[in-house]
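Undergrad: Under my numbering, the sequence shown has 87 at position 87, and the numbering climbs by one with no breaks.
It should be emphasised that the hints constitute simulated quantities derived from the structure, not laboratory data. Check the hints yourself; a few may be wrong.
[Said to hold, decoys possible] Ranges of calculated distance between the beta carbons of each label pair, as one might list FRET restraints:
1. Ala62 <-> Asn42: 28 to 34 Å
2. Asp53 <-> Thr88: 39 to 45 Å
3. Lys60 <-> Gln93: 32 to 38 Å
4. Ile66 <-> Thr88: 25 to 31 Å
5. Val36 <-> Pro72: 16 to 22 Å
[To be verified] Within a straight-line C-alpha distance of at most 20 Å, the following computed EDC-like cross-link-like pairs (lysine to aspartate or glutamate) qualify:
6. Lys99 <-> Glu39
7. Lys99 <-> Asp17
8. Lys34 <-> Asp86
9. Lys99 <-> Asp2
10. Lys47 <-> Asp2
11. Lys22 <-> Glu103
12. Lys47 <-> Asp20
Predicted model, so just to flag it, every value in this text is computed and none were measured. Here a beta-carbon is modelled for each residue, glycine too, at the ideal position from N, C-alpha and C.
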Amino acid sequence: MDKRNVIKVGNLSAVRDFTDVKDMVEAYRLALAKCVPGEVYNVGSGKGVRMQDLLNLMLKQATREIRVEVDPRKYRPVDVESVVADPTKFMRQTGWRPKVPLE
């Protein structure tokens, strides 16, 4: 297999919150219009996605065969296992909801 068809990855069990940029632009617009200055708001989908699941989704969409290699050097010792936003306060304040699915 051509080495260009190999991707090296780190921690595939990490969980992250992904939000489409179009949804984030709308969230910023609403934040400027409806949020209280100085207040803290979290914006995100509120849904955790495991990196392995995201990788599988991307591999299904690939147009050529790709080999995945786990590279221990890509692990970060200070990496947080799960980072998922709680956008409840922001949603209540603005009525915003993410519309664009990850898939």
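Undergrad: Against each hint, give a clear statement of whether it holds in the structure.
TA: Going down the list of hints, with the structure as the test:
Between Ala62 and Asn42, the C-beta spacing of about 33 Å keeps the proposed range 28 to 34 Å intact. A hinted range of 39 to 45 Å for the beta carbons of Asp53 and Thr88 is inconsistent with their spacing of about 24 Å. Between Lys60 and Gln93 the CB atoms are about 37 Å apart, so this pair conforms to the stated range of 32 to 38 Å. Separated by about 38 Å at the C-beta atoms, Ile66 and Thr88 break the suggested range of 25 to 31 Å.
In this structure the supplied range 16 to 22 Å is violated for Val36 paired with Pro72, their Cβ-Cβ distance being about 45 Å. For the hint linking Lys99 to Glu39, the alpha-carbon distance of about 24 Å lies beyond 20 Å, and the restraint is violated. Using a Cα cut-off of 20 Å, the hinted pair Lys99 and Asp17 holds, with the two alpha carbons roughly 14 Å apart. The straight-line distance between the Cα atoms of Lys34 and Asp86 is roughly 18 Å, inside the 20 Å bound, and the hint therefore holds.
Simply put, Lys99 and Asp2 have alpha-carbon atoms about 38 Å apart, too far for the 20 Å limit, and the pair is violated. Restraint check for Lys47 and Asp2: not satisfied, since their Cα atoms lie roughly 36 Å apart, outside the 20 Å limit. With a C-alpha separation of about 14 Å, the suggested pair Lys22 and Glu103 falls inside the 20 Å cut-off, and the hint holds. At roughly 12 Å between alpha-carbon atoms, Lys47 and Asp20 fall within 20 Å of each other, so this suggested pair holds.
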